[in-house]
Every structure is written in structure tokens, then in C-alpha cells.
Amino acid sequence: MTLRPSAAALLLLLAVPAWARALAPAARAADSLAARVTALADEYVREFVARFPEEAEGNGMTIARHDGLTDNSLAARREWEARQDAWAAELARIDGGALWGRPEWVTHGMLREQLEAARGRRVCRRELWPVSHMNGWHANLAELAGTQPVGTPELRAQALARWRRVPRFLDTEVANLREGVRLGYTTPRRNVELVIGQLDALLATPAEESPFFDPARRDSAPEFRAAWRALLEREVAPAVRRYRDYLRDEYRGAAREAVGVSANRDGAACYRASFRGFTTLDRAPEETAALGRARVERNLAEAREVARAAYGTDDVLAVLDRIRADSARRFRGRDDLMAFAQGAVERAAAAAPGWFRTVPRARVEIVPHPAFLERSASDQYAPAAEDGSRPATYRINLYEPERKSRANAEITAFHETYPGHHLQISAAQELPGAHDVTGLVSSGAFVEGWARYAEALAEEMGLYTDPAARVTRRIWPARGMVVDPGIHVMGWTREQAVRYLMETGRGRESAETMVDRIAVLPGQLTAYDTGGLEFFALRERAERELGPAFDVRDFHDAVLGHGTITLPMLREAVDRWIASKKR
Numbered sequence: 010m011t012l013r014p015s016a017a018a019l020l021l022l023l024a025v026p027a028w029a030r031a032l033a034p035a036a037r038a039a040d041s042l043a044a045r046v047t048a049l050a051d052e053y054v055r056e057f058v059a060r061f062p063e064e065a066e067g068n069g070m071t072i073a074r075h076d077g078l079t080d081n082s083l084a085a086r087r088e089w090e091a092r093q094d095a096w097a098a099e100l101a102r103i104d105g106g107a108l109w110g111r112p113e114w115v116t117h118g119m120l121r122e123q124l125e126a127a128r129g130r131r132v133c134r135r136e137l138w139p140v141s142h143m144n145g146w147h148a149n150l151a152e153l154a155g156t157q158p159v160g161t162p163e164l165r166a167q168a169l170a171r172w173r174r175v176p177r178f179l180d181t182e183v184a185n186l187r188e189g190v191r192l193g194y195t196t197p198r199r200n201v202e203l204v205i206g207q208l209d210a211l212l213a214t215p216a217e218e219s220p221f222f223d224p225a226r227r228d229s230a231p232e233f234r235a236a237w238r239a240l241l242e243r244e245v246a247p248a249v250r251r252y253r254d255y256l257r258d259e260y261r262g263a264a265r266e267a268v269g270v271s272a273n274r275d276g277a278a279c280y281r282a283s284f285r286g287f288t289t290l291d292r293a294p295e296e297t298a299a300l301g302r303a304r305v306e307r308n309l310a311e312a313r314e315v316a317r318a319a320y321g322t323d324d325v326l327a328v329l330d331r332i333r334a335d336s337a338r339r340f341r342g343r344d345d346l347m348a349f350a351q352g353a354v355e356r357a358a359a360a361a362p363g364w365f366r367t368v369p370r371a372r373v374e375i376v377p378h379p380a381f382l383e384r385s386a387s388d389q390y391a392p393a394a395e396d397g398s399r400p401a402t403y404r405i406n407l408y409e410p411e412r413k414s415r416a417n418a419e420i421t422a423f424h425e426t427y428p429g430h431h432l433q434i435s436a437a438q439e440l441p442g443a444h445d446v447t448g449l450v451s452s453g454a455f456v457e458g459w460a461r462y463a464e465a466l467a468e469e470m471g472l473y474t475d476p477a478a479r480v481t482r483r484i485w486p487a488r489g490m491v492v493d494p495g496i497h498v499m500g501w502t503r504e505q506a507v508r509y510l511m512e513t514g515r516g517r518e519s520a521e522t523m524v525d526r527i528a529v530l531p532g533q534l535t536a537y538d539t540g541g542l543e544f545f546a547l548r549e550r551a552e553r554e555l556g557p558a559f560d561v562r563d564f565h566d567a568v569l570g571h572g573t574i575t576l577p578m579l580r581e582a583v584d585r586w587i588a589s590k591k592r
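If you count by our numbering, then the sequence shown holds residues 10 to 592, one letter each, in order.
Honestly, the hints are just simulated from the structure, not real lab data.
Keep in mind it's a predicted model, so treat the numbers as computed, not measured.
Certain hints may be false.
What the hints assert, rightly or not - Simulated crosslink set (SDA-like; lysine to any residue; CA at most 25 Å straight-line):
#1 Lys-590 / Ala-361
#2 Lys-413 / Glu-374
#3 Lys-413 / Glu-554
#4 Lys-413 / Arg-285
#5 Lys-591 / Arg-550
#6 Lys-413 / Ala-546
#7 Lys-413 / Arg-366
#8 Lys-413 / Leu-326
#9 Lys-413 / Ala-277
#10 Lys-413 / Thr-474
#11 Lys-591 / Pro-577
#12 Lys-591 / Ala-546
#13 Lys-590 / Glu-554
#14 Lys-413 / Arg-550
#15 Lys-590 / Arg-331
#16 Lys-590 / Ala-558
#17 Lys-591 / Phe-559
#18 Lys-413 / Gly-342
#19 Lys-413 / Gly-556
#20 Lys-591 / Gly-363
#21 Lys-591 / Glu-549
#22 Lys-590 / Trp-364
#23 Lys-413 / Glu-518
#24 Lys-590 / Arg-550
#25 Lys-590 / Arg-562
#26 Lys-413 / Arg-515
#27 Lys-591 / Gly-556
#28 Lys-413 / Pro-476
#29 Lys-590 / Arg-526
#30 Lys-591 / Ala-558
#31 Lys-413 / Arg-338
#32 Lys-413 / Arg-331
#33 Lys-591 / Thr-367
#34 Lys-413 / Arg-333
#35 Lys-591 / Arg-562
#36 Lys-413 / Asp-388
#37 Lys-591 / Arg-366
#38 Lys-413 / Arg-343
#39 Lys-413 / Thr-367
Based on the sequences and whatever the hints tell you, model everything.
In C-alpha cells:
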């Protein structure tokens with residue numbers, strides 16, 4: 010039976026403007042799309058946390074249990090890849106553009122990016138050559154030990170259960186490496202030797218001094234401390250030793266001599282996929298290198314101007330030599346470096362409200378790298394826990410502080426904390442309506458590009474205390490866009506790369522350390538300036554088109570207000586912001 014609407018209902022319907030009646034179906038359709046995106050993202054997060062619990066925890070997520078460890082078997086990876094394919098197919102049926110203005114626009118875009126990038130990187134087969142002195146399992150376990158919750162009987166039991174899984178994890182790593190050798194995928198020999206050295210140092214460290222002992226150090230129960238020591242000595246250390254012995258006695262001899270990933274099977278395709286994963290752009294390596302060279306020339310021209318004004322010469326390398334030889338610009342010891350970095354962070358945090366309408370609530374602590382990683386670790390940032398249970402950390406390398414410059418320490422501090430990583434990542438974490446999936450999806454070009462932009466912004470903010478920093482910060486940027494593809498796909502030798510890096514005033518040891526980093530992270534070094542160039546270009550365009558109406562705080566809101574997004578999404582967001590300001 011069909012019901013006729015009442016006269017009153019008809020009058021009420023006619024009172025609604027025609028444009029509003031026309032929009033209602035579109036709004037309902039968008040609501041439906043948003044619900045589908047959220048359901049997909051919810052499912053992805055649930056399964057991600059179940060399969061990679063320590064990674065989710067390391068990204069700041071609040072998770073229910075802390076006793077899981079990634080199943081790194083090849084069979085588990087194939088299962089995960091099948092799930093990725095299913096999610097990608099379902100997501101492809103949803104028009105993300107129809108969600109503009111909603112949080113689900115970001116959820117859709119970032120989940121799509123994560124799935125597309127991960128599926129593209131399969132060609133690399135990184136599970137078969139994961140040996141890395143930068144982000145290998147040993148460095149990740151040291152980080153995990155520092156965040157492993159303890160303090161109650163249940164949390165102690167979960168900690169012990171998780172770490173009892175470590176021996177199986179390491180034995181599986183060895184099996185995966187053997188398969189990699191069989192199929193033609195290996196890590197460069199030089200990097201293998203670096204990891205062997207790190208593991209030698211770790212194994213020589215008494216259990217109670219090991220970074221892995223941190224959960225017991227933070228817990229007051231004597232019986233837990235004894236159980237943890239026994240676990241490390243009887244189960245974890247023997248597994249670490251087995252892994253080290255395999256690297257030393259078998260894998261090192263089979264590892265590739267070549268630095269570039271093109272020496273592996275499908276290496277050129279792997280590099281392009283890695284670049285895509287780190288930058289969110291599909292671009293030829295040759296184009297990346299050309300853009301990098303152009304930016305290097307512009308940076309050098311600016312550095313000469315600063316050097317001429319501050320030092321009376323435009324010979325930048327001579328100025329860098331003078332800076333390096335000046336003992337007053339280096340540190341007297343570890344405490345001096347820590348205090349200087351702390352002062353830089355506090356100064357930048359105090360200045361941030363004048364340049365940003367939104368400053369995150371989360372605090373950041375400066376923490377030194379563990380001793381066994383010092384020789385090769387880079388300064389790095391880790392986000393705070395979403396629930397506020399732990400602060401963000403700026404992990405700093407205190408190795409040989411007498412050789413470190415105050416200029417570089419300032420540049421790095423502003424890159425990693427304010428106005429760089431800490432401000433951007435914490436603001437994204439605290440964004441209302443942000444889905445948890447956005448904390449699991451990386452957009453290296455956005456995150457590192459913002460930090461590169463932040464190094465320049467710090468100069469506008471008056472944060473640098475020495476003109477040496479103003480010269481130094483212009484010498485390195487964009488060279489990664491040249492040397493990274495140079496090493497991996499354009500045939501550069503190790504020595505050629507080292508000499509190119511030494512043109513920035515780096516010593517040979519520093520240049521070799523950077524090449525070692527590039528070797529195990531193909532494409533990663535391009536992300537900084539691929540993203541940085543985008544931020545600089547968008548700001549220049551906004552200033553040009555808006556003229557006197559341009560406000561840097563509004564611009565920062567526009568680029569950071571959606572959280573971490575892809576570079577194409579960033580362009581769209583800024584285009585829409587500029588158009589709205591013009592209206």
C-alpha cells in the first residue's frame with residue numbers, strides 16, 4: 010500500500026530550498042562512501058596490529074596487549090600480501106574525491122597509498138635481504154625494550170612472552186637470508202660487516218648493561234629482574250650469537266660487493282618502487298637527479314651570499330674548513346652536546362606559537378642512542394604514544410662529541426623536533442577525527458620534506474645562533490636526490506659517491522657513513538628534498554598569488570591541517586586553500 014504525504018509534510022518539504030533538496034542525496038552518498046572507507050580502514054588497522062604489534066606500538070598506537078611479535082616467515086608474508094590485494098581491490102571501487110572536506114578523504118588517500126606502495130615494493134623482496142645497520146632487528150629491539158610496558162604482574166608476563174619469541178624470529182631471519190642468497194637477493198657486504206660489528210658489541214655487553222635489559226631496569230620486582238636476566242642470557246643471547254655467526258661465517262661471503270640495489274635481481278624496478286614508496290610520486294631516477302642538481306646550484310648560490318656577508322669570502326668550502334677547524338664551534342663532551350641540543354629544542358618550542366596557530370601538546374625528550382649503535386646510528390625521532398603514556402623521543406648520537414659541530418647540532422635539532430618532525434607528527438596525532446590508519450601509513454616525502462622546510466623556517470624564526478649554521482644548512486640539501494639514484498641505478502661507484510659527498514665539506518668518514526646508509530635504504534634519501542621542494546614551491550606560489558593576504562600561520566595550518574598526506578594530496582589541499590582565500 011502506498012501512503013500519501015500529509016499536507017503539512019508537503020508544505021514542510023516545499024519550505025526547504027531547492028539547492029538543499031538537491032544536495033541531500035549527494036550528502037547521503039558521501040556518508041555511505043565515508044562509512045565504507047572507515048570500515049575498510051578499521052579492518053586494516055585490526056589486522057595490522059595483530060600481525061605487526063611491535064611496529065604499531067612503535068608508531069605510538071595504543072594497543073591492548075604487548076606480548077606479540079611479528080611472524081616474519083615467508084608464508085605469513087604471502088598471507089598478508091593476499092589481504093593487501095583484497096583491500097586494494099575494494100578501495101579502488103570508492104571515489105575518494107567525493108570525500109573532500111571530510112576526515113575520510115585523508116583516510117581513503119593514505120590507505121590507498123599504503124596499499125599501492127607496499128604492493129609495488131614486492132619486487133624488491135626485502136624480506137630476503139633485511140640486514141641493516143640502520144634499522145635492522147637489533148636496533149628495533151633496542152627501541153622496543155625502551156617502550157615495553159611493565160610494572161604489573163600481567164604486563165611482566167606479557168613482556169616475557171613477547172621476548173621469548175625473539176629466538177624463533179632470529180632463526181627465521183637466517184632462513185630467509187638463505188633463501189635470498191639462493192634467489193639472488195643480498196645486502197652489500199660492507200653493510201653486513203657493519204652489522205656484525207654491532208652484534209659483536211652487543212654480545213660483549215653484560216646482560217644488565219644491555220639496552221635489551223631496559224624493561225627490568227624500569228620495574229621494581231626482583232623476581233622479574235631475575236627472570237628477565239635469565240631470558241636474555243639463556244635464550245636471547247644464544248639466538249643473537251647464532252645469527253651473528255651465520256652472518257660472519259656464511260652470509261658475508263655470499264653478500265654482494267656492489268653498493269647499488271641494481272646488482273640484485275629486478276634491482277632497477279626495485280629502486281623505482283622504493284622511490285615511489287618513499288616519495289608518493291612516480292618519477293624516473295634521471296629526472297630526480299636533474300631536479301636535485303638544479304636545487305644544489307641554487308643552494309650554493311645562497312650559501313656564497315651568506316658566506317660573503319658573514320666571513321668576507323664566497324669560497325664556501327674554505328668557510329666550511331674554517332668552521333670545522335674552530336674548536337670553539339665543537340663540543341667539549343657528551344654533557345655539553347646534550348645541554349646544547351636541549352637548549353635548542355627549548356628555544357624552538359618557545360618560538361613556535363608565533364609561527365603556528367596549532368602547537369601540539371605532546372612533549373619531546375632527548376635520549377642518547379645505546380652504546381652498541383653509536384658508531385653508525387643517525388639522530389632520529391620517534392612519536393609519542395597516542396594515549397600520553399610516553400613522550401616523543403629525539404634520539405641523539407653522542408659518539409665522539411668533540412668532532413661534532415654546533416651548527417650541525419642546531420640544524421638537526423630543529424629538523425627532528427621544533428619546527429620539524431615533532432611539531433608536524435604530533436600535530437597529526439592530535440588531529441580531531443584522524444583515523445588510526447594514518448599513524449601506520451608513512452609518507453616519507455611529506456614527513457622529511459616538512460623537516461627540510463623546517464630547517465629553513467628555523468632561520469626565518471631567528472633560531473640559529475651562529476652564521477655557520479646558515480652556511481652549513483644550505484650545503485647538503487638536494488644532494489641526496491643526486492647521489493641516491495647515482496648509486497643505485499646510474500652506475501656510481503662507492504668512491505664516486507664518497508667524493509661527491511665530500512664536496513659538501515664532509516670528512517671522508519662522514520661521507521662513507523652516508524654511503525653506507527644509502528646502500529640499505531634505496532630511495533629514502535631522495536624523500537627529504539623531493540618533499541622539501543614541494544613545500545617550498547607551494548609556499549612561494551601562495552605568497553605570489555595571495556600577496557598581502559598571505560599569513561604564514563594560515564599557510565602552515567593549510568599544509569599540516571590534514572595530517573601526514575601524500576604529495577599529490579598536499580597540492581590539492583593547498584590549491585583549494587588558495588582558492589578559498591581568494592574568495
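Return the numbers of the hints above that this structure violates; sort them in rising order. The structure breaks hints 3, 4, 6, 7, 9, 14, 15, 19, 29 and 39; every other hint is satisfied.
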